[in-house]
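Protein chains in written order, with the UniProt record's numbering: chain W, 1 to 303; chain G, 1 to 544.
Honestly, the hints are just simulated from the structure, not real lab data. It is possible that part of the hints are untrue.
To be verified - Only pairs whose alpha carbons sit at most 30 Å apart, straight line, appear in this in silico BS3-like list of lysine-lysine:
1. G/Lys213 to W/Lys154
2. G/Lys488 to G/Lys100
3. G/Lys100 to W/Lys70
4. G/Lys388 to W/Lys70
5. G/Lys398 to G/Lys425
6. G/Lys165 to W/Lys154
7. G/Lys432 to W/Lys70
8. W/Lys154 to G/Lys488
9. G/Lys375 to W/Lys154
10. W/Lys70 to G/Lys236
11. W/Lys70 to G/Lys90
12. G/Lys236 to G/Lys213
13. G/Lys202 to G/Lys90
14. G/Lys409 to G/Lys385
What the hints assert, rightly or not - Listed next, with one range per pair, are the computed distances between beta-carbon atoms:
15. G/Asp462 to W/Ala52: 54 to 62 Å
16. G/Tyr313 to W/Val166: 51 to 59 Å
17. G/Thr300 to W/Ser75: 53 to 61 Å
What the hints assert, rightly or not - Footprint (simulated), chain W over chain G, 3 or more residues, beta carbon under 8 Å:
18. 327-341
19. 405-417
From the three backbone atoms N, C-alpha and C, an ideal C-beta is built for every residue, glycine too.
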Amino acid sequence: MSDLNAVTTAEAPATDAGKPRGLAGDAWLDLRSRKVFWIAAALVVVVLLMAAWPSLFTSADPGDCLLARKNAGASGGAIFGYDFQGCDVYAKTVYGARDSVVVAIAATLIAGVIGLFVGLAAGYAGGWIDALLSRFIDVMLGVPFLLGAIVLAKRLSSDPESNGVVAVILTLGVLGWTAAARVMRSAVISAKNQDYVAAARMLGAGPGRLMFRHILPNSISPFIVVLTILLGVNIAGEATLSYLGVGLKGDAVSWGLAIAETGPYARTAAAPLVWPSVFLAATVLAFIMLGDAVRDAFDPKLR
Amino acid sequence: MPGKSPWKVAAAATTIVLLAAGCSGSSSEDTEVLPNSISIGIAEPSSLIPSNSIESSGSQVLASLFYPLVRFDANNAPYPVAAQSITKDKTNRIWTVRLKPGFTFSNGEPVVADNYIDAWNYGAYGPNGQLASYFYSRIDGYADLQSKDPDGDGPEKASDPKATKLRGLKKVNNLTFTVTLTEGFVNWDSVMGYDSFYPLPKAAFSGDGVLNKDFEQAPIGNGPFKMKGTWSHDEKITVEKVADFKGTVPKVNGITWKIYQDLGAQYADLVGGNLDIETKIPIENLASASGDLGARLGRTPSSAFSFVGFPMYLDKYKNPNVRRALSMAINRQEMTDQVFLGSETPATSFVSPVLQGAKSTSCGQWCEYNPTRAKQLYSAANGPKDIKISYNIDGGHKAWVDAMCNQIKASLAINCTGVGLPKLKDVLDRVKAGEDVGLIRLGWTMDYPLMESYLGPLYTSDGSSNYYGYKNSTFDSLVRQGSAALTKAESEKLWIEAEAQLVRDMPVLPLRFGQNVFGYSERVTDVTMDLYQKVDIYSVDIAG
């Protein structure tokens, strides 16, 4: 046993010749040289800006709709033309970013918190607690996403006058934490057998200190990668639910809603359907590419 | 592992897109079709018992299985069909119906007076809960067939009604019976054209006044078609021609009523050649329909009337000027032109102009688009700053409700949102509970060609469809006097006065009068639809 430990500890310092660099530092160096990362990051920044300050991008009001302009072509500020109701498609698409992004971030936070604690507890405690939590994760994964989401979202948004934001956040959050929890659990299991953990334990560190000071910082990176990808998945999830009529509704403005509303008219006026779809696809893609790039940087073995 | 989830979502999304585009062809591959038979698209009927029929899909199927006492000519005057003659006494109170001899039900039973009396007694008996029961309410003795709940919706059970048979129905001989009304009604023969006045065979009843539980699954009627098999719920109802039918014989040998949940899917089947007739082209497809169907896109007048009602129980809509201002804030012409592409016409009256005697502009200035005046009136009356329009999602109303909200927003500078609820029942439940639902989306199709059909049920204090709670004693008495008048001209005059009272009060906003916009396949010809949104099953024929 002690021989084996001696070999691994001897290897570690040998890699770094110059300035000492952490895992994150390595990853950053790696990321900086990747084109995919920069494209994805730029797209994400644009979408976040759109969500925070839509008025930076358009001066038009998305609620200003006049039937007289039905399906009219591009003019002035309305570079994408007008939809069936005579609303500015560009303004609606820009304002649609806010609800989509807010829902995605909030749902991911909920999923992250649940996933973090379940994964940490299962991985650290092991034994019957791990067995119980792992089976529970299996059960959650066994629920088909759309079925579970439709049932849950319908149930949560029973008030016909709410715009459905809270219901969609809870639905996506409650159904989306399983992947994050599994990744967290396996990372914790591999981290807790490391020497520095054993050393800390021998120095008298309690379970709380071990978990949050030593294990968590060294096992969080794959977890963050999963959450980045989950952001994109949640944006798509919100659009799916809104399209099916159980997501956002009423005066909410979102890409999924715009797609649902304009879909039936696509044969006579395609632009109002195409633009929100393009924005949706680009945003989802950006988050997924960003997640992939970050994962590759953190874990070169996967490349 | 983490890479898996996005693909799951993507795969699911693809499935949805395919479904939405109507690419799931599995449902349309039917079993063998009768030679010379056609298919017509409908929605799932709510019931196939005549006295329980209150919507057009069920009514359409019943029209093929049953033969009515009267039908209406081009001037909406009734003429006898299953009846030999219908006569009345001087007071218009006692009506004598003589039936044509030789008619049978599709199971071979001869049609006799008792069949009518039994069916109407069943429909009028309160505990049977028949939704079209109010059509019998003019018959003497109707009140005795209704049970009274002593404590409203409370725990105490309603007592049994005083009687089980209508006092006003009397058999004279096998083919003759009399109908005595509580009050004289000169137009009673028109009312008897409605579904709830079809006869039911002896085979329909398992005991005195007890309908067979399974009767509805395969109704036996006196009409030109009979059921082939039973009602396949949410799928189809097949009917075939009755041999040696004594009345008008239809040209096709059978009809398959295909049941659809979605008008869009129905349209895809029509264009794809899997369906012969679609009775209502969805508004999303109107723009491309003339290209898809060419001359096979038909338009005929219909009696449909679309309107929004004000919840009269809420204080904020009590001021008539608030209601008038909202009416003037709406550009009806723009809505019918842009959203409905001219398939409906703006409504500027409360009674459809398809009826002789009804004026198409009786609403006057209040139904004309005048945003400036509307805004002045609205702010002077201190109207609510935030209004809602409640509608049912399953009826395809979202597009025009949103458009109407946008017009109100633009004209009055207030906020307006459409609140979609799954079904009309959900909207009406909220109305019943006294909740703030805002404006209520409603529609109406006349039951018989009389102005009263647009006035009595919708606005009288005890009207069967007066959901919004409009009450006006002048209006009530004008409608009643109109019904009691001795001549048709006199009753028409009083009903026009009643409509004028509605114009003063504006309990609802008239929006549009409908039109049947239907399409048919290359297989069929001579397709036409009547004022009641029904396909004429006697004229339709196989092409070529």
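Verification of the hints:
no.: 1; hint: G/Lys213 to W/Lys154; in the structure: violated (34 Å)
no.: 2; hint: G/Lys488 to G/Lys100; in the structure: holds (26 Å)
no.: 3; hint: G/Lys100 to W/Lys70; in the structure: violated (57 Å)
no.: 4; hint: G/Lys388 to W/Lys70; in the structure: holds (23 Å)
no.: 5; hint: G/Lys398 to G/Lys425; in the structure: holds (17 Å)
no.: 6; hint: G/Lys165 to W/Lys154; in the structure: violated (46 Å)
no.: 7; hint: G/Lys432 to W/Lys70; in the structure: violated (37 Å)
no.: 8; hint: W/Lys154 to G/Lys488; in the structure: violated (53 Å)
no.: 9; hint: G/Lys375 to W/Lys154; in the structure: violated (38 Å)
no.: 10; hint: W/Lys70 to G/Lys236; in the structure: violated (38 Å)
no.: 11; hint: W/Lys70 to G/Lys90; in the structure: violated (59 Å)
no.: 12; hint: G/Lys236 to G/Lys213; in the structure: holds (20 Å)
no.: 13; hint: G/Lys202 to G/Lys90; in the structure: violated (34 Å)
no.: 14; hint: G/Lys409 to G/Lys385; in the structure: holds (10 Å)
no.: 15; hint: G/Asp462 to W/Ala52: 54 to 62 Å; in the structure: holds (57 Å)
no.: 16; hint: G/Tyr313 to W/Val166: 51 to 59 Å; in the structure: violated (30 Å)
no.: 17; hint: G/Thr300 to W/Ser75: 53 to 61 Å; in the structure: violated (39 Å)
no.: 18; hint: 327-341; in the structure: holds (count 5)
no.: 19; hint: 405-417; in the structure: holds (count 5)
Going down the numbered hints, you'll see the structure goes against 1, 3, 6, 7, 8, 9, 10, 11, 13, 16 and 17, while the others check out.
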